[in-house]
Amino acid sequence: MLEHLINGLVLGGTYALVAMGLSLQYGIARIMNLSFGDTIIAACFATYILFSSFGINPIVALAIILPASYIVSLGVYRLMMEPLVKRAPDEGALEVDSILLTFGLLFVIQGCLLVIFGGGYISYSFMNTPVSVLGTLVSGNRLLALVLSLAIGAALVIVLYRTRWGMILRAVALAPKSAPLFGIDTDKAARMAFAIGGTMAATGGVVVSMFQTFTATTGVVFTMKALIVVILGGKGSVPGAIVAGLLLGLVETFVAAYIDPGLTLASVYTVFLLLLLVRPNGLFGKA
Amino acid sequence: MLELNNMLVRYGKHLAVDGVNISVEKGEVVVVLGANGAGKSSILKAIAGMVPVADGTISLDHTPITGMPAHQLTNRGIALVPEGRGIIGRMTVEENLRLGATPARARDYEDDTIAQVYDIFPRLHERKRQFVHTMSGGEQQMVAIGRAMMSKPDFLLLDEPSLGLAPIIVGDMFKALARVRKTGVGLLIVEQNVKISLRHADRGYLLEAGRITGSGTSDELMNDAAVRHAFLGGDI
Amino acid sequence: MSAQLEISNLHKRFGGLVAVKSVSFDLKPGEVVGLLGPNGSGKTTVMNMISGALPCDGGSVRVGGKDVTALKPHKVSKHGVARTFQLVRPLPTLTVGENVLLSVAYSRKPKWGRAAQAIVDEKLEFVGLAGRGDEKVTNLNYIDQKRMEMARALAAEPEILLLDEWLAGLNPSELRIGIDLVQHLQGQGMTILLVEHIMEAVRALCSRCIVMSAGEKIAEGPSAEVLQDPVVIKAYLGDDHA
Amino acid sequence: MKTSIAFALAFTALALLAVAPLILPEYWTGVLLGMTGYVTLATAWALFSGPTRYVSLATVAFFGVGAYTVAVLNEVLPYPLVLLCAAGIGMIMALVVGLSTLRLAGVYFVIFTFGLAELVRQTVSWWEVNVTYTMGRYVFLPFEGHHIYWQLLALAAITFLIAWAIGRSRIGLALKALGDDETVAAHAGIDVTRIKLFLFVVSSTIITLVGAIQAPRWTYIEPSIVFNPTVSFMTLIMALLGGAMRLWGPLVGAVPLFLLFEWLSGRFPDHFSIILGALFILIVFVMPNGVLAKIDDLRKGRQS
Amino acid sequence: AQDREAVTIGYAISKSGPNAGGADMTVTPNYELWIEEVNAAGGLKMPDGTRLPIEAIAYDDRSSTEDVVRAIERLATQDKVDLILPPWGTGFNLAIAPLMAKFGYPHLAGAAVTDKASDFVERWESSFWFMGGSHDYVSAFTEILVAEREAGRINDKISMVSVADGFGIDLVKAARPSFEEAGFDIVYDKTFPPETSDFATIVSEASNSEADTFVAFTYPPHSFGLTKQAKVASFNPEIFYLGVGAGFPVYPNIAGGSVEGVMSLGGIDPNNELNSAYRAKHEEIIGRAPDYWGSVLIYASLQMLEQAIERVGLDKEAITAEISTGTFATVLGEETRLENNQLRAINWVGQWQDGAFVAVSPEGSEGLAAVQLPKPNWD
Ligand SMILES: Nc1ncnc2c1ncn2[C@@H]1O[C@H](COP(=O)(O)OP(=O)(O)OP(=O)(O)O)[C@@H](O)[C@H]1O
Ligand SMILES: Nc1ncnc2c1ncn2[C@@H]1O[C@H](COP(=O)(O)OP(=O)(O)OP(=O)(O)O)[C@@H](O)[C@H]1O
Ligand SMILES: [Mg+2]
Ligand SMILES: [Mg+2]
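Chains as they are written, first to last, in the working numbering: chain V, 1 to 287; chain R, 1 to 236; chain Z, 1 to 242; chain F, 1 to 304; chain S, 1 to 379.
So that you can see chain V by itself, here it is in the shape it has in the complex (with noise of 0.2 angstroms):
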């Protein structure tokens, strides 16, 4: 029982890593961004290519891959998102083509990874090695994406809720034609919402590739994930995010354990789908 409490907590803990990062691009810059999930599989790539032919340690990577995804989210931002965020008359215009253009950025990223890297598994082993968490013998890298998402977690939502700089994310977040007014420049907050999004995918990817195979073509499943965790948490809320991260994680676990572990992601689709049934607007989403 403790056992599948920490294992599904660490598995959770995964989950809320990588859909933080999304909650704040969708809910604050208002990008539906279907290449988050690559994004997360560059950073795969690109810590494992420091590994393996630099042995550059993946916590070392971490140093020289999040500033570099940082700029890159911003670059994106600048030159893909911001002319759209611009020509949009209203939110759903933006949400139709924030989702086909990053649908295209999901394949030009993937497109590059296949030619680089060709289209096979990729795994390697670091941090492999058990911690005893209570008794239960869980895995370091693991453990690290439990206690990094709860740390950004922790971290975030101090910021959103407890800081003007926060106050002012949220704004935006939810009133971007008004946040003006109140003199905010909505422009820099959504880019840089978008960027720390993009780096939480990053960090998300370093550690994941820890631990998970990939492959160039895997990011959509982390999309979805993150979508689903983001979705159930209710848009834009990153306790939500961690909530129901963690959530998905335990019942994913419990029924590993207790039912069938065949039957794990469908009742992780049951459990969001009766969950939004009853909370149309997700655990944390405002009616």
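Some hints here could point you the wrong way.
[Claimed, not checked] Stretches of chain S that chain V covers, calculated by requiring three or more beta carbons in the stretch to come under 8 angstroms of a beta carbon on chain V:
| no. | region |
| --- | --- |
| 1 | 19-26 |
| 2 | 168-181 |
| 3 | 187-196 |
| 4 | 229-239 |
| 5 | 246-255 |
Treat the hints as calculated values from the structure; they're not laboratory data.
Here the structure is a predicted model, which is why all the values come from computation and not from measurement.
We treat Cβ as the ideally placed atom computed from N, Cα and C, and that holds for glycine.
Model the placement of chains R, Z, F and S with the ligands on the given structure of chain V, informed by the hints.
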């Protein structure tokens, strides 16, 4: 002083504001009167940087501010309370107000100003934890004005502030605006409620189809036959 | 004569806030009644409960003797209730004419094709939008959008019309036009519940007024009397209007 | 008058398309087949999702269920009955889904439908693994490419007819209205729930049939093959590209996109993804509101 | 056809989409390697001794069945290629089988595991099946289990997991009766969805089951994930058998080097020089080593095709007949031949021994390494 010089606003081919000259001094209340669609809102939006100015200039204390983005204008001391209020429905009253103090010029006074706003609109104080979108129309209008005051503006632009307010609140609000004005803020008000707005204004402009067709002090306008006919609706 | 609209003990809670507290009143056929009250006193909420937009937490709404309390808006509309909204709500992807046509097509006596078009034209003309049916609604200015909304409500051939601050935002001369329009409807025998903050309009239109404050009915009676009532002055009108 | 000309034109086009496999080489029949499949999917999708703006990613759930029905029943029942069963199952599923999702809006609906498709796939997998003990199923129906193509073409024609009829009826108007503002629509007397449900069922049934008709082409069927989420995405993208609010929009999106995919995957098999993605990005920038809107713009531009 | 200047060979393969990973490991590199080698030698040798270079046409099927079917139609009727090489995967090979038969192309289904090969051979006479069926793999493995039990090294309990797709289910369906008939007790038997990436619970349940034998019919991501989790949880059963992926050259890295004793499908004979030469060549040209199971079989099928052409020319029917009845020298051995259009000279079980994945249960050939059990500790 806030000064519009031959300002033009266009929506596509449609010319909504056709070369207007308007000026407002600090501590002055100026009202713009005009029929629906005359271009009143467009003027305010253009000053606040919410729509582009097609031609002409806007200057603030003789420095040109034409074409500045809205958030910078707020920091220069221009605050707009737009039609539709421009507040954040899914935040609480207090958050909206505090967020109103985002411009650097307003930060230091945040607590004082908020006390002042609560003093003027006690209802907001009662409801400070309520989400704005669940409030009644009139309550939301109060939040909007309060939020604008939070940015410590030199010039406050109000687009039909009395719209949908109960008479008692309209009265209170204009009294409150009079207090705001006493703090040295210049007010540019667009109103349909001609009687009460002229009563509180120093000067006014008449706008017809995007052009200024008349101007004068409140008393002059109040007694002007054309104004009485068009805006004071004869006998009502 | 029995009441056209009969509201008894209506109740509505939003979380901890009681927005409407056992409010009761009746409208007789052909009456134009003002529903007044300070901002946030629950007027729109009452209208929403009548039209079915919000479920009631208690009490009942009867239209022409039939209980419509638990009905959805589309069912209520079939009992002859139509409304406008406090903030205009045009349907932007439809043209002006289509906005109105919609009501015709789904009214109690639905029509489609030529017959429907005739009604649309008639209603547009009535509100002063003759010949503008093909324009985009978003191109209409504020007052014309309000007119369109009125036409849309009328196109359902209702017996009861709920007008939520339909006259707000009009300048005095426009207001005159608006008042004439409502008076015209009154002349046709329409029963109207009118929420309005413009006293000129209330005085001109309403034979009777109901005043709410903080969710409760605080006064009811002939307009002239109600508007002199010190309680109403204190809660709603303020000394300026006294 | 104009309608009858349009009908004559459409009929001629249909006739030409119908005889095409007799003239064209087999490969082009295959292309037409795939294209007609997507045109039908996109048009059926837009039938519901276009005007209501409920962006559905459940396409593949219905598509896959259609294919699976054929896989399960093709040796038990005569083919027409199999199709009928598929349609029936699709219809019932759409009713259940429709009834349960009516409260959801916007992106919540989008992701819900995606989750739904995944749930269906997981459930079918689990069922096959644990209950029927068969993972892959075989469909040995004596159909060649052009047989399948003709069926799809007929279905496409019917779909267009339905879409056209709905667009002209008061249901079409109601749909647009509730896409704009459900509250207003309800106050105008529209039973919002019923109409949404009706359209969802019609659209989903057609989608189910597309899956059913296409299944015999693959001989072997397993969940990962027929519940491939790409189908949902492609359908959505095609409809949005052409313009989901218009009758011809999905077609105008599906045809060039399909041909483009085909050409790219043949011409640049190793760089397919990159080029496709780049083109997509370009399209978003050049044709913000879909191809038809762009054409409209251009036409207006020339006139003035 | 004497005036021709080249032989066109077409294929459609998953270069993108979920199948790209599998295709990129076992199939595509071998096609590229073979074509490069043949062309480097001047081309395919014809019966008259001339050589014709290969012109390859490759399409991406984007992991979609509809696309692979259309690509075959395109190759056959539009490009009118001389020969078509098959795609990756059981489902895709079945999807194109009717077309290959219809257009008369020999169909050398390489990356496809099916127990129905005998039926398919009758249905599609020009089809050839190179990977055997699940029964073959399972019964070879069962024999090993029985021997181990008799030697007293393992108990009679087995815990077994499988991935819920065609491959995993076929194997597990064959395994259940096979293990049970051999007197084993399957104490844990679960199937998980292919998207699963976390194996903590599965490993912990399996390790609680007291079985000495752990069997996983899985794909590479799962095989890798199970390995990592087993190491973390110190789950070290006497027999640790995994599906696809455990025979990949990268596998030792994933397990942090300690792979000794892990078993899987396939395996090679380290003393087979043809095979060693092939591996060296693969590394040289493709830049990485081939896997120890499918690659060899795919490459062998290409060699058979090459030799058949040398004997009978480019006539498709003649090639089909030759492959069906001829004897060929391949990386599998000097005398490779098909039985009823199926390759049987397959190494059914392999095991990591001293850093190499060696065959411990080949069918009817020598060079058998002995099984070494129990599996030592992970590190
Ligand atoms: N975003 C826009 N796009 C196109 N035309 C617009 C836009 N905003 C306003 N207009 C048009 O410009 C003109 C002036 O509009 P504006 O809103 O400034 O008028 P107003 O005097 O404020 O009227 P009201 O009293 O109705 O608020 C109107 O004809 C209006 O239709
Ligand atoms: N959906 C809701 N959730 C929570 N509170 C609500 C909701 N709708 C209304 N309220 C509250 O109920 C009270 C009554 O609101 P209502 O809109 O009926 O007022 P009103 O009398 O129409 O005011 P106004 O004249 O300003 O339009 C207000 O205090 C408002 O904040
Ligand atoms: Mg205005
Ligand atoms: Mg109200």
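Now the hints, each set against the structure:
Coverage of the region 19-26 of chain S by chain V holds in this model, with 5 residues showing a Cβ closer than 8 angstroms to a Cβ of that chain against a need of three. For the region 168-181 of chain S, the assignment as covered by chain V is violated, since 0 residues bring a beta-carbon within under 8 angstroms of that chain's beta-carbons and 3 are needed. Beta-carbon proximity to chain V at under 8 angstroms applies to 6 residues in the region 187-196 of chain S; the threshold of 3 is reached and the given coverage holds. Only residues whose C-beta sits within less than 8 angstroms of a C-beta in chain V count toward coverage, and the region 229-239 of chain S has 5 of them, enough to reach three; the restraint holds.
Interface restraint, the region 246-255 of chain S with chain V: holds (5 residues with C-beta to C-beta distance below 8 angstroms; minimum three).
This entry does not satisfy hint 2, going by the numbered hints stated previously; all others are met.
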